[in-house]
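S.K.: The residues making up each chain are set out below.
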Amino acid sequence: MTTTITGFFTDTSVCIGCKACEVACKQWNQLPADGDFFSGRSYDNTIHLEATTWRHVAFVERGVSLSGQSTARPFSWLLMSDVCKHCERAGCLEACPTGAIVRTEFGSVYVQPDVCNGCGYCVVCCPFVVINRREDDGRAWKCTLCYDRQKEGMEPACAKTCPTDSITFGPLEELKEKAKKRLEELHRRGVTEAYLYGMNDEDQPGTEGLHAFFLLLDRPEAYNLPPAPSVPTRGVGGSWGAMALGLAGMVAVAVAASRAGGEKR
Amino acid sequence: MAECHPVGFRWVMEAKRRGATIIHVDPRFTRTSAVADIHVPIRPGSDIAFLGALVNYIISNDLWFKEYVVNYTNAAALVSEDYKDTEDLDGLFSGWDHEKGQYDPSSWQYRGLDVTPAAGHREMFSGEPRAERGAIVSAEQHDYTLTDPLCVFQIIKRHYSRYTPEMVEEACGVPRELFEKVARALCENSGPERTGAFCYAVGWTQHSVGVQYIRTAAIVQLLLGNIGRPGGGIMALRGHASIQGSTDIPTLYNMLPGYLPMPKASYDTDLQKYIEYNESASGWWSEFPKYMVSLLKAWYGPAATLQNDWCYDYLPHITGDHSHMVTVAAMADALIQGYFVMGENPAVGSMNCALQRKGLRNLKWLVVRDFAPTETAEFWHNAPEVVSGQVRTEDIGTEVFFFPCAAHTEKDGSFTNTQRLLQWHHKAVEPPGDCRSELHFAWHLGRRLKELYRASSAPKDRAIRDLTWDYRSIGAIEEPDAEEVLAEIGGYTLGDKKSLSGYKELKNDGGTVCGCWIYCGCYKDGTNQAARRKPASEQSWVAPEWGWAWPANRRLLYNRASADPQGRPWSERKKYVWWDAGEKKWTGVDNPDFIVDRSPDYRPGPEAKGIDTLSGIDPFIMQAEGKAWLYDPNGLLDGPLPTHYEPEESVLKNPLYGQQCNPARMEWIRKENPYHKAWGDTDYPFIATTYRLTEHHTAGGMTRWVPWLCELQPEMFVEVSPELAALRGLENGGWATVSTVRGEIEARVLVTERMHSFVQQGRTLHTVGIPYHWSWIGRSTGDAANELTAFVADPNVSIEESKAFSVQIVAGRRSRKRRAAASGPLVDREVEGPERDQPEVREKPAGKHGLHAGKTELTEEA
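Protein sequence lines correspond, in order, to chains A and B.
The numbers in my numbering rise by one with no breaks, and the one at position 83 of the first sequence is 83.
The numbers in my numbering rise by one with no breaks, and the one at position 770 of the second sequence is 1035.
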């Protein structure tokens, strides 16, 4: 059976912050509520992605206007549904010592709950702070890109429920084409701040591109996203090199010392 | 719209993707504003000033759609020479009757003619009913040059002449440039090639002058030619799923199905009188008797005959205004014994909810049907006034019956929403335990009543004994067959029980049965038309085979107006319905809303009657003269033209007129319902507005138990601007106490720039935003916003004013849960202040239960 690599394209320029994606995700995956906590941070009371919150809508109030939007005073409200990025090069997957985290036939990064032993190595290796352990069972959990639904030919629950098609699901290559067209359209209409976040390796070498990428309207930090995320193992080659240099240096020092000692003697 | 109708908002975003300009006018910057092209913050309660300025802008810049306006509206009609405008009387129209405390509309009428309104208050006619009224529409006087000072167009022009961009700044707090940007965008997107639409929700209706808000939008849309054309219109976004359905087949006290008025005891003494009062000699309402007789045949079957007026006398005849607040005030005065509450939570969601609860306390019995016991079912042991000791449980005699109800996934039925579309939903699972549908409840209650009266020979019991009630029941729980009910609503012939295909087949001789004439045809060909779900890709863009739209599966009302007077589309781009001269009939992409073979050239002769009075250029067929009403010569209780009045409790003096408030508004002068000063009340200096959030639904009965929703908005909060927070020492995330003289509540504070401070008349005005979802029961709790609001209402539809009133806000948890309805006004003070009314309007006659309003003849208790 041939399968296509699929993903999410989240177009924040049409997100209305309804949070239907958060609820649909919890309903389908039967995730518990995280607790009732009034944050005082705009309409965001779940704050970030969690082991039991696999979609999260950010509400960013800014004292500047969006291009093309007229308001009584400079102001805009950026809304964005965040999710696991299913990185092409995934830190969590690389860090997992048990093989619990795998790359599926859809190209998504999936944690097998029956294999995960809760070591937590993946948690520190995710550059987006997406994956986390549940306090009640100790295992690591995150968005599965609705692996179970995809196996049945259905789209993920969040994309299915999104009323404005801010979240779209489909073959990754098609989504990239669609995203490029949408970006051109927005630029043509004067929304010059719009850009694509993490669509390709070139955009984001640290992850080699995301299977869940975004159209954003402000710099990544405004949405609590890292500007240049990088999986830890990308530094490994350099580390080995540095270590080799260090070793060589130590050897040289030792040799020099022994020589010097010899001379002393 | 994005906040409260996120699913419908999908289509707004789709329009935006295709290049539409989205304009959002709202006191707050909401989720809708976030994705709109233009956001206009407007002072709550000032919308008529804004919309009236649009009317003025359109007329003074000569941007109106001339051919449309002259031919399809009443712009050219001449009005009575006795008419006086608010410009002449400082905010009043001619005809105020001081003794009755209401308007006499005779001076608003067309010259020499009494015309029946298509909707609204038909009983407003002064003098005796005249069956012939409207018969001489074709003879009425017109000035098609629109220059006569008493033609509708000139009256409107003058009425709105002071509604300028400068006035918008002064009255609404909207910067002139922003107003002009909106006006330009709207006008540039109207005309033969383009159309613009208005969408509104209850934010427009919940004002003491709410009906006139929507009327102003109607004037704007008619001047721009945006009615009856694709992409145009005014969309009423209703408050719940199927609220449109529950006005079509109403839960309203003054309506029968299909907008047939409820008989009134004082006028409609027999069927003949009732028909005389309600049919129109011209226009489509001349068909009225057919609809009424078919309804009575549906309800009383073989018992209904010509000889007994089709059992007309069985219908309850209303003796007064029995709307919600009027009824609750009577309940509080212990005059009502029992009350059914289904799918509503008035102890939280209705105005002055402590007074609502006082009403509940004084009943003998109360039935509540909901998913879980709501505050309305539990008021007797844990309401704030019980917890605080102001009221004792042992003093409450109300017997409460709580019935768990089935969810929409647990029953068959239909939803009718904004676009008049009936969409069927099938039961997915059996309801758990004792949960049952409303249909089940109503049918079995009816069956038991019929059983109870089976042996009775008393004439008063015949209405129950003769009621047709023989629906098939299904399954172990004996659920009545909802499709059978739909088939009766959709209509059939009495003889062979053949389903009808549309309301034109209805008869007044008892040969047809139809539960709601506008729904006639929804069970055409014996099939459930509402259950059709053909995908968009398999049919035309109008999608006539998705569900079924009333009337006659017509997707766009008054669509004759999408063609020019000669019957040609106004433009290729906006082609919809047109006259096919070869076939000699109207055709198009939708079902034409016109007499299908009536040529555009047809003009009625003086002898014409009924629908023959409609000429080939009369698209608005429900109106007696076939024209859209820019100006209402009859039917509204508060004036023929929308006029800016301030809310009952404002922070500003009316900048336009000496008359501060709507003179015809409904007020309740009761100790449980004290008011603030008309304006400038230093004890209550801030504007308040209430609203919904996406995360919860109305009064919270459905959502405050759902953990996935509660975590998204976990607590009651109020929203304030940084300026107001600084002024009152409010901290983000901290507590505040908000109060009126009627009640006090506490809430978390959300400080946000989305709340706007308005600079007007040399003052900075602050707004407190108050979501109304919370109360004391559920997983997520908090104080109810409606502990603050008052009984005060629009006179036409008795809808409350909750979108603009005045409050005080202080930092901290100071609330002692005091309620005026339990312990008297919160502040003991003499309310001396500016008058709301001109001298001639003051001291309206007092009705019962504290109601002061004009409709004295209709406020008698049965």
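The reader is advised that the hints may include incorrect statements.
Said to hold, decoys possible - As a list, the in silico EDC-like pairs of lysine to aspartate or glutamate whose alpha-carbon atoms are at most 20 Å apart: (1) A/160 with B/355; (2) A/151 with A/135; (3) A/178 with B/279; (4) B/422 with B/355; (5) B/281 with A/165; (6) B/281 with A/44; (7) A/180 with B/355.
No wet-lab data here; the hints were simulated from the structure.
No experiment lies behind these values; they were computed from the predicted model shown.
S.K.: Is the Cα-Cα distance between residue 281 of chain B and residue 44 of chain A 20 Å or less?
M.R.: 26 Å, violated
S.K.: Is the hinted pair residue 160 of chain A and residue 355 of chain B satisfied, with a Cα-Cα distance of at most 20 Å?
M.R.: Distance of about 56 Å is beyond 20 Å: violated.
S.K.: Between residue 281 of chain B and residue 165 of chain A, does the CA-CA distance stay at or below 20 Å?
M.R.: 13 Å, holds
S.K.: Mind checking the alpha carbons of residue 180 of chain A and residue 355 of chain B for me, to see if they're no more than 20 Å apart?
M.R.: Cα-Cα ~59 Å, so violated.
S.K.: Does the alpha-carbon distance linking residue 422 of chain B and residue 355 of chain B stay inside the 20 Å limit?
M.R.: Measuring from Cα to Cα gives roughly 17 Å; hence the hint holds.
S.K.: Straight-line Cα separation of residue 178 of chain A and residue 279 of chain B no greater than 20 Å?
M.R.: Since the Cα atoms of residue 178 of chain A and residue 279 of chain B sit roughly 15 Å apart, the hinted pair holds (cutoff 20 Å).
S.K.: If you draw a straight line from the CA of residue 151 of chain A to the CA of residue 135 of chain A, is it 20 Å or shorter?
M.R.: 29 Å, violated
The structure fails hints 1, 2, 6 and 7 (numbered hints given earlier, in ascending order).
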